[in-house]
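Peer 1: Chains as they are written, first to last, in our numbering: chain X, 28 to 364; chain F, 28 to 364; chain B, 179 to 506; chain C, 179 to 506.
There's no promise every hint is true.
[Unchecked claim] A partial selection of chain X residues facing chain F, derived with a Cβ cut-off under 10 Å:
hint, residue
1, A129
2, Q161
3, P338
Please keep in mind that the hints were generated in silico from the structure rather than gathered at the bench. Here a beta-carbon is modelled for each residue, glycine too, at the ideal position from N, C-alpha and C.
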Amino acid sequence: MANERELTMAKAISEAIAQEMERDPRVFVLGEDVAVYGGIFGATQGLVEKFGPDRVMDTPISETAFIGAATGAAAAGMRPVVELMFVDFFGVCMDQIYNHLAKNTYMSGGNARFPVVLMTAMGGGYNDAAQHSQVLYGLFAHVPGLKIVVPSNAYDAKGLMISAIRDDNPVMYFFHKGLMGLGWMKYPERTITPVPEKAYTIPFGVADIKRPGKDVTIVALAMMVQRALDAADELAQEGIDAEVIDLRTLVPLDRDAVINSVKKTHKLIVVDEDYKGFGMTGEIAAIVAESALDYLDAPVKRLAVPNVPIPYSRPLEQFVIPSVEAIGNAARQLVKK
Amino acid sequence: MANERELTMAKAISEAIAQEMERDPRVFVLGEDVAVYGGIFGATQGLVEKFGPDRVMDTPISETAFIGAATGAAAAGMRPVVELMFVDFFGVCMDQIYNHLAKNTYMSGGNARFPVVLMTAMGGGYNDAAQHSQVLYGLFAHVPGLKIVVPSNAYDAKGLMISAIRDDNPVMYFFHKGLMGLGWMKYPERTITPVPEKAYTIPFGVADIKRPGKDVTIVALAMMVQRALDAADELAQEGIDAEVIDLRTLVPLDRDAVINSVKKTHKLIVVDEDYKGFGMTGEIAAIVAESALDYLDAPVKRLAVPNVPIPYSRPLEQFVIPSVEAIGNAARQLVKK
Amino acid sequence: MKLSRDQLLSMYRQMWTIRFFEDELAAAYMEGKTPAFDIGSGPVPGEMHLAAGQEPVAVGTCAHLKKQDTVVGTHRPHHFAIAKGVPLDKLAAEIFGKETGLGRGKGGHMHLFDVEHNFSCSGIIGAGFPPACGAALAAKKMGKDWVAVAFAGEGAANQGSFHEALNLAALWQLPVIFIIEDNSWAISVPKGKSTSIPDNSTRAAGYGIPGVRVDENDTLAVYEVLGEAVARARRGEGPSLIEVKTDRYYGHFQGDPELYRPKDEVSQLKANDPIQKLASQIMAQGAATQAELDAARDAAKADVAGAMEFARTSPYPAPEQALENVFV
Amino acid sequence: MKLSRDQLLSMYRQMWTIRFFEDELAAAYMEGKTPAFDIGSGPVPGEMHLAAGQEPVAVGTCAHLKKQDTVVGTHRPHHFAIAKGVPLDKLAAEIFGKETGLGRGKGGHMHLFDVEHNFSCSGIIGAGFPPACGAALAAKKMGKDWVAVAFAGEGAANQGSFHEALNLAALWQLPVIFIIEDNSWAISVPKGKSTSIPDNSTRAAGYGIPGVRVDENDTLAVYEVLGEAVARARRGEGPSLIEVKTDRYYGHFQGDPELYRPKDEVSQLKANDPIQKLASQIMAQGAATQAELDAARDAAKADVAGAMEFARTSPYPAPEQALENVFV
Ligand SMILES: Cc1ncc(C[n+]2csc(CCOP(=O)(O)OP(=O)(O)O)c2C)c(N)n1
Ligand SMILES: Cc1ncc(C[n+]2csc(CCOP(=O)(O)OP(=O)(O)O)c2C)c(N)n1
Ligand SMILES: [Mg+2]
Ligand SMILES: [Mg+2]
């Protein structure tokens, strides 16, 4: 059955882009090693073969120039999908991203449109150290003007990418390297899912309850969704019924999904591969402290990278990125209380 | 009496730098318009006249080059004070700041030192629009490796600057334009304070209770401290006794000051001139939800810029930056409950 | 390239429109700021960078451009906007922070977006080079002969974005023209203290593209050089880099004490005023009479007065509008 | 500049040290990654960029440098580190993620810091230019004749940081040398698809400084050209820009399928191996015998074996050490 076809996240993303390129001649792709190589993490695999080098363009290593060019091309009527190879490199081009792409629509009073998808690889766990392992979406969610998309499996990845390309606003699309289903990097089984062949969209701002539960709410994104699900499986055997909420987009943010879940479970764990301070875990905890305080039975728990750069050595890196075990233990502690 | 001498924040900062330059020949200053002009916001006024152009260097408009050069000079034994004219420009040089200056010490296993003070102007309220009005310290506090200093008056500004220059770590020092006491921009009276002539230090990570109170805790930084104090004055006349906590540094963060105050007042307002989402207000609220949940009598209140770029037009800008009135009303609501 | 009488008169009028616009703004800016200057007060608050004296680079360039061509300006953007045809009313209203402005009052003087005339600008130095490349890339992809022009100050030519954009444009043979407006100053820093070579157009050699410097603040000289660059771009032969010498009459921003600037510099510059120069050139060519020139000037003055009136009488946006337009 | 016998032998030995180091690492890297390749497995996980074939640019340059001189390397840093004198043991241990490594296992192969030998590097393309300027500025301020060298790939020369640093260095006459290592590839992108001109040294003209290209992967040719550049810098006459042609033997990173690369490219390159070339040159000069060359090679091999052994037998850091060293 066609519907039962399973894809990796990388294939789901490249298929989404290909389908939109077929549908809309204004869509084109640019970035470092996106054409001949097919994207270092495979997000653009097969595209240059299908659409040729005018629509799938390898760029020089000059992120400011080509991301800024995407903004300019969008203003002139195109719909670029531009790849920043690792999100960790944002510092060389952040001005074009946040002072221009993100703010131009607002500064124009809504008159100008910038339909750009800025996609980027994120995440650690394979010892790529401090400059190649971060997720950083919290930082981009902090500054207004970018929609922030962070899929955790192939099905979501395709639908969210199609929504991103069709959106008339700048969308930053983060894919976790360890979820892409690459032949050369370990990935959780669950990230490979059935993916419909036809194009479909997933709306932004709608969290997905990846596992319903009644004892404790676990809010997460990307790899941490997968780890939360693994933890939930273990917890289930101990009689603890965890609800796992995959936010899927940080901007717009599905506040209600979090609040409603906490109203049901009365306990909240926020798990993040981003730095702990001043980020996603704080925001989610704050939303609950603002809007569902009386429903909380126990202090909020935050698991995240403990405000240190990502270390290289394996035991160090494994220590700082929240593990299945750490998530499980947090839940056990909360439920015991 | 010498101790009673009052200074503006701009003079306090430039005096601190001058005293450290006298004390330590390794200290030098570089940045755009820091020499002949004396710094657009006066933070380096009088320095080139005193120390000459070799120690106070005007740079080309190339923040990546000169901030990266500060890092390299620090590695080689100097102690640069480098100015990024407006924090809003960070996007052109963020890679040098956060991937290098901030992470190098960690990546070297603590073997390399980078005693750089990166000082920068922040803040709105004078209609300078989306690219010249942000505070953004939440973003820098999110990424590890930078100490984050944000003074609210002249006394703190001098002591914190001297601590910053003497620190062997990278310190990012934010001054609010509207607190500098400039002849050409309105400022709150209270930002001008007595400032000792002698050099003195203020330790990082120690919040200052700018006004003790028992009914509600208001946590703030910079201009919002001044507005909170104004609101507290009004509230006092209505019989509401607000405690105003000036965090002074975000990294390190004085968690205990916040927690202890909430344990006393049972009510928390966090006021911020930064964007509301994924920032300082979330972090402070989360700390309380983690560590003092049971002491909270009422939902946490967050006042901050509502996730829009800073608009230009006066009524729009005044709407998005928390006002004395808004702070007062939040306190009134909380205390009424 | 021979300019017709109408073209010359229209350029002359544009020069005056720019000059009057800046002078009127300079006056409006001071309202509410005396006796005590407060940058946040008056009908036009915030930073204000005026381009009086710099008309030639804008007018001489934009005379070659069509509506579909893209212009990206700088933090000192009014002369470019006016020369590109941005409606004066909406321009002025935006600068006054009014609901009727180009950006409904959200952008302000450094952030002007006119979708119809393909004009935009930014307060970030050097930021205009990459989006201009993108507009040129789009034109190429769409098979149009549209070109894009990025203007920037001589101070901006030391930003990394300049190099990246030049390389990209040359590599992809984009129809884009980079114009460095050399007014000798970047705030208080003179060119010799910021730039390792005297002439930015020599940097073109590092990208294998033509580089030309226009060494006088002369509208027709700019027009001449840009004619070739624009034609080249339209023919699909790629980018050019042009540096134009020009003169800043006002301070870097209004309120700048200009202590760094030789006292008589500006008065000397004004002795070679480019509007007078253009008038002489037109008269020397016998292309128009003094009366015609005066009429053009008067028309410009009236246009500016009308725009200022429109701006002043337009309503402010309602405060809650601040929450709109983050996304479309 | 005439090299003594000892200098030549020491350079020759260094070339072999680099080559053996990279080859040994290539082997170690695959441990734990067969039959199924997983980048996060084995004693050396993560990305791994090897510099075998690129020895000349490192060895020919660093032969002019003293301990106090600064070198900033790239994401492909081992040849620079070894040539600069970074101790092999600590270098290898860092790459194996061990407590005894240069950065206590925190940095890894792209982030090597040796304070004593003034060596550092970064995984961010183009990021090394500015800190090298800073080291040179510090030397100048301290009145020392120390120089700084920033190495970068030909792909990096299109980053904005390159332009900014060149301008700053030329403007301030800093004792810094920018060396572009042209191995023809930036991952899968050949130079002709990234760079608008054939030779990066022509970009020197945009800054008014000397630019030279070394057109062969030849250690002595690099040595020769760098002699002048380093001497110039030490004399206080400012920066130089040098591009050196070199050859990448391995993939961009280990595990790179290299589908973009002509099949026989590497074997052709190896026919002109720079270590063999240096051997022939030394022999031709009569500076050393084959036996002496062999002894140098064997010594290099033993050094590398010792370093790998040190790395393998050193302990891992304790997990909680992850929380240390954010600040000193
Ligand atoms: C990235 C960045 N750095 C610094 C500034 C502050 N700044 C505004 S205008 C200016 C000088 C610009 O000089 P130039 O490019 O020559 O333009 P001009 O003002 O002379 O028109 C500077 C440094 C900025 N806006 N953006
Ligand atoms: C700012 C930035 N952009 C992109 C990358 C990804 N990247 C790593 S190596 C590389 C190619 C570098 O090519 P080159 O400078 O020629 O060095 P080589 O690998 O050939 O030694 C790229 C694009 C990066 N590390 N940093
Ligand atoms: Mg200028
Ligand atoms: Mg290369």
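Peer 1: Against chain F, is A129 of chain X within 10 Å by beta-carbon distance?
Peer 2: Nearest chain F Cβ about 8 Å off; hint holds.
Peer 1: Tell me if P338 of chain X is really an interface residue toward chain F, meaning its C-beta lies closer than 10 Å to one of theirs.
Peer 2: It holds, given that the least Cβ distance between P338 of chain X and chain F is near 8 Å, below 10 Å.
Peer 1: For the hint on Q161 of chain X, just tell me whether its beta-carbon gets within less than 10 Å of chain F.
Peer 2: Given a least distance of 8 Å, the restraint on Q161 of chain X holds.
Violation of the numbered hints given earlier is absent; every hint is satisfied by the structure.
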